[in-house]
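Let the sequences and hints guide you as you build the complete structure.
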Amino acid sequence: MRERITCAYGLVVISPTSNLFIQLHKGQVIKISPNSTQFINPMDINANYSEEDNPLSLKADFILSLCELVVGGKEGLRPVEKTVIDRCVHVIYRKYFENPIPENMPLLEDLYNALLQQDEKEAHHVATALEIYVKGSLNLFNHRTNVNVNNRIVCYDIKELGKQMKKLGMLIVQDQVWGRVTANRSSGKSTRYYMDEMHLLLKEEQTAAYSVEIWKRFRKWGGIPTGLTQNVKDLLSSREVENIFENSDMVATIQRITRKEKSENPPPLYDLTTLQRDANRLMGYSAQQTLDYVQSLYEKKLTTYPRTDSCYITDDDEEITSRYAKEAAERKNHLQALQAERDKAEKDLLALKTEILAVIKGESAFPKDTLAEMIAAQEKKHTGLEALCEEASAELERNAELMANVSQLYEELISYADLYDSARFEAKKMIVSQLIRRVDVYRGYQIHVDFNFDLAQYLENSDELAC
Numbered sequence: 001m002r003e004r005i006t007c008a009y010g011l012v013v014i015s016p017t018s019n020l021f022i023q024l025h026k027g028q029v030i031k032i033s034p035n036s037t038q039f040i041n042p043m044d045i046n047a048n049y050s051e052e053d054n055p056l057s058l059k060a061d062f063i064l065s066l067c068e069l070v071v072g073g074k075e076g077l078r079p080v081e082k083t084v085i086d087r088c089v090h091v092i093y094r095k096y097f098e099n100p101i102p103e104n105m106p107l108l109e110d111l112y113n114a115l116l117q118q119d120e121k122e123a124h125h126v127a128t129a130l131e132i133y134v135k136g137s138l139n140l141f142n143h144r145t146n147v148n149v150n151n152r153i154v155c156y157d158i159k160e161l162g163k164q165m166k167k168l169g170m171l172i173v174q175d176q177v178w179g180r181v182t183a184n185r186s187s188g189k190s191t192r193y194y195m196d197e198m199h200l201l202l203k204e205e206q207t208a209a210y211s212v213e214i215w216k217r218f219r220k221w222g223g224i225p226t227g228l229t230q231n232v233k234d235l236l237s238s239r240e241v242e243n244i245f246e247n248s249d250m251v252a253t254i255q256r257i258t259r260k261e262k263s264e265n266p267p268p269l270y271d272l273t274t275l276q277r278d279a280n281r282l283m284g285y286s287a288q289q290t291l292d293y294v295q296s297l298y299e300k301k302l303t304t305y306p307r308t309d310s311c312y313i314t315d316d317d318e319e320i321t322s323r324y325a326k327e328a329a330e331r332k333n334h335l336q337a338l339q340a341e342r343d344k345a346e347k348d349l350l351a352l353k354t355e356i357l358a359v360i361k362g363e364s365a366f367p368k369d370t371l372a373e374m375i376a377a378q379e380k381k382h383t384g385l386e387a388l389c390e391e392a393s394a395e396l397e398r399n400a401e402l403m404a405n406v407s408q409l410y411e412e413l414i415s416y417a418d419l420y421d422s423a424r425f426e427a428k429k430m431i432v433s434q435l436i437r438r439v440d441v442y443r444g445y446q447i448h449v450d451f452n453f454d455l456a457q458y459l460e461n462s463d464e465l466a467c
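Residue numbers (our numbering): 1 to 467.
The hints are simulated quantities; they were obtained by calculation from the structure and are not laboratory data.
Incorrect hints may have been included.
Stated by the list, open to error - Subject to a maximum C-alpha distance of 30 Å in a straight line, what follows is the list of computed DSBU-like cross-link-like pairs (lysine-lysine):
| # | residue 1 | residue 2 |
| --- | --- | --- |
| 1 | LYS166 | LYS121 |
| 2 | LYS332 | LYS300 |
| 3 | LYS163 | LYS189 |
| 4 | LYS380 | LYS428 |
| 5 | LYS166 | LYS135 |
| 6 | LYS260 | LYS353 |
| 7 | LYS262 | LYS344 |
| 8 | LYS159 | LYS260 |
| 9 | LYS368 | LYS233 |
| 10 | LYS203 | LYS159 |
| 11 | LYS347 | LYS159 |
| 12 | LYS353 | LYS216 |
| 13 | LYS332 | LYS233 |
| 14 | LYS135 | LYS203 |
| 15 | LYS262 | LYS326 |
| 16 | LYS368 | LYS216 |
| 17 | LYS380 | LYS260 |
| 18 | LYS380 | LYS332 |
| 19 | LYS347 | LYS380 |
| 20 | LYS166 | LYS332 |
| 21 | LYS353 | LYS159 |
| 22 | LYS159 | LYS26 |
| 23 | LYS189 | LYS159 |
| 24 | LYS368 | LYS381 |
| 25 | LYS166 | LYS220 |
| 26 | LYS167 | LYS82 |
| 27 | LYS344 | LYS260 |
| 28 | LYS203 | LYS347 |
| 29 | LYS368 | LYS326 |
| 30 | LYS95 | LYS233 |
| 31 | LYS233 | LYS159 |
On a predicted model such as this, the values are computed, not experimentally measured, just so you know.
The following block contains the structure:
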C-alpha cells in the first residue's frame with residue numbers, strides 16, 4: 001500500500017530544516033494567518049466524508065463544535081441553538097449535493113445568513129457571534145479553498161495565528177485532515193497526521209469531545225495520528241485524555257534533551273626548535289627566516305620571547321598562581337555538588353513522568369491533578385538547578401582563562417629576564433624601558449619603581465599585585 005502523508009502545523013513547518021524537507025519532496029505548505037492569501041474553507045466536504053450514507057451528519061457535528069467554540073461559555077450551545085444550527089446546515093448544503101461542483105460549496109457566510117433567516121432569537125445570537133468571523137477582522141475562514149490540499153505532503157502552518165484564533169484554526173485544520181483521510185481511504189491509502197500543541201484541542205470542552213471522536217475515526221479509517229505537546233500538565237488535566245490514550249498504540253515522553261559544549265586544553269607552547277621545524281614543514285621557511293619573523297613579532301609585542309627551549313611554565317610562578325588554583329578547586333567542587341543535586345532532581349522528575357502511564361491505567365496512588373502539579377514543581381526545580389550549574393561552569397571557565405593570562409604575563413617577564421642576561425648595554429636599556437615605567441629616588445635612599453606590568457589587568461578582584 002502506498003502511503004500518503006499529511007502533516008499539521010508544528011512538526012514540519014516550524015523549522016528551516018523541515019521547510020527544506022517539504023521543498024525537496026515538492027510538498028504544499030498552507031500558511032494560515034490574518035495576513036495570508038492562502039485559505040481553506042471549513043465548510044468543505046466530500047462524498048466519502050462519512051462511512052454512512054449521509055456524510056452531512058458528521059459534518060454537522062464538526063460545525064456544532066465550531067459554533068460552540070465561537071459562542072463560548074462553560075455550558076456550550078443550548079439545545080435550541082444546536083437545533084437551529086443543524087437545521088441551517090442541511091439547508092446550505094442542499095445546493096451542493098444536488099450539483100457537487102466547487103462553486104456550490106457553502107461558505108461560513110452562508111451559515112451566517114441562514115441563521116439570520118430563522119425566527120428563533122437563539123439563531124440570531126449564534127449569528128451575532130459568527131459575525132466577526134464572516135464580516136469582521138477575523139474573516140480568514142470565510143473564503144473558498146484556494147490551495148492544493150491533495151499534494152502528497154500537506155503542511156498546515158498556523159503558528160502566526162493569534163491566541164484568539166489558534167484553537168479555532170486547529171479545529172478547522174483537523175477537519176481538513178479528516179477530509180483527506182476519507183479521500184485517501186477510498187483510494188486504499190493510509191494517512192500520517194502529526195499534530196503539535198495537542199493539549200489546546202483538549203483544553204476546551206467544546207473541542208475536546210469532537211477531537212476524541214475524530215482521533216478514533218482516524219485510526220479506524222487508516223489514519224496514523226500522532227499528537228505532540230510540551231505541556232504535560234495541561235494534557236493530563238483534560239477529562240478526555242484517557243480516551244485519547246486508550247485509542248493510542250503508544251505513549252512516549254521525552255525526558256530531557258541536552259546540548260553540551262566540550263572544551264579541550266590548548267596544545268603546549270612552542271619552543272624555538274619545534275616552531276622552526278613546523279614553519280619549515282608547513283610554510284617552507286628556513287630556521288633563520290622563522291627566527292627573524294618571530295623576533296619582529298616579539299618586538300611589536302605580538303608574541304612572547306622566542307629564544308626559549310621550554311614549552312611549559314616553570315615552577316617559579318607557583319607563589320603567584322597557587323591562590324587562584326585553590327579558588328579553581330573550590331569552584332570545581334561547588335559545580336560537582338550542584339551537578340549531583342541536579343542529577344537527583346532529574347531522576348525524581350523521570351520517576352514522576354513514568355507515573356503518567358500508571359495514572360492512565362488507573363494504577364497510580366496519585367490523583368491526576370496532583371501528579372501534574374508535582375511534575376510542574378519538579379520541572380521548575382530541575383530548571384533552576386540546571387541554570388545554577390551553567391553559571392558555576394561558566395565561572396570555572398573564567399577562572400581558567402584568568403590563570404592562562406597570569407601564566408602568559410609571567411612567561412613574558414621571564415623572557416625579558418633571559419634576554420637581559422645576554423644582551424649588550426644598549427639592548428639592556430631597551431629591555432629596562434619595557435619593564436619599568438618610572439623610577440623615583442627619595443631622601444634616605446628610598447626608591448619607588450613603577451613597573452609597566454600589573455597583574456590587576458588580568459585578575460578580577462585581586463587584592464595583591466605581583467609582577
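Verification of the hints:
no.: 1; hint: LYS166 x LYS121; result: holds (29 Å)
no.: 2; hint: LYS332 x LYS300; result: violated (38 Å)
no.: 3; hint: LYS163 x LYS189; result: violated (35 Å)
no.: 4; hint: LYS380 x LYS428; result: violated (63 Å)
no.: 5; hint: LYS166 x LYS135; result: holds (19 Å)
no.: 6; hint: LYS260 x LYS353; result: holds (24 Å)
no.: 7; hint: LYS262 x LYS344; result: holds (23 Å)
no.: 8; hint: LYS159 x LYS260; result: holds (29 Å)
no.: 9; hint: LYS368 x LYS233; result: holds (9 Å)
no.: 10; hint: LYS203 x LYS159; result: holds (18 Å)
no.: 11; hint: LYS347 x LYS159; result: violated (33 Å)
no.: 12; hint: LYS353 x LYS216; result: holds (25 Å)
no.: 13; hint: LYS332 x LYS233; result: violated (36 Å)
no.: 14; hint: LYS135 x LYS203; result: holds (28 Å)
no.: 15; hint: LYS262 x LYS326; result: holds (23 Å)
no.: 16; hint: LYS368 x LYS216; result: holds (23 Å)
no.: 17; hint: LYS380 x LYS260; result: holds (20 Å)
no.: 18; hint: LYS380 x LYS332; result: holds (24 Å)
no.: 19; hint: LYS347 x LYS380; result: holds (14 Å)
no.: 20; hint: LYS166 x LYS332; result: violated (47 Å)
no.: 21; hint: LYS353 x LYS159; result: holds (28 Å)
no.: 22; hint: LYS159 x LYS26; result: holds (21 Å)
no.: 23; hint: LYS189 x LYS159; result: holds (29 Å)
no.: 24; hint: LYS368 x LYS381; result: holds (20 Å)
no.: 25; hint: LYS166 x LYS220; result: holds (27 Å)
no.: 26; hint: LYS167 x LYS82; result: holds (20 Å)
no.: 27; hint: LYS344 x LYS260; result: holds (19 Å)
no.: 28; hint: LYS203 x LYS347; result: holds (29 Å)
no.: 29; hint: LYS368 x LYS326; result: violated (50 Å)
no.: 30; hint: LYS95 x LYS233; result: violated (46 Å)
no.: 31; hint: LYS233 x LYS159; result: holds (22 Å)
The structure fails to meet hints 2, 3, 4, 11, 13, 20, 29 and 30 from the earlier list, while all remaining hints are met.
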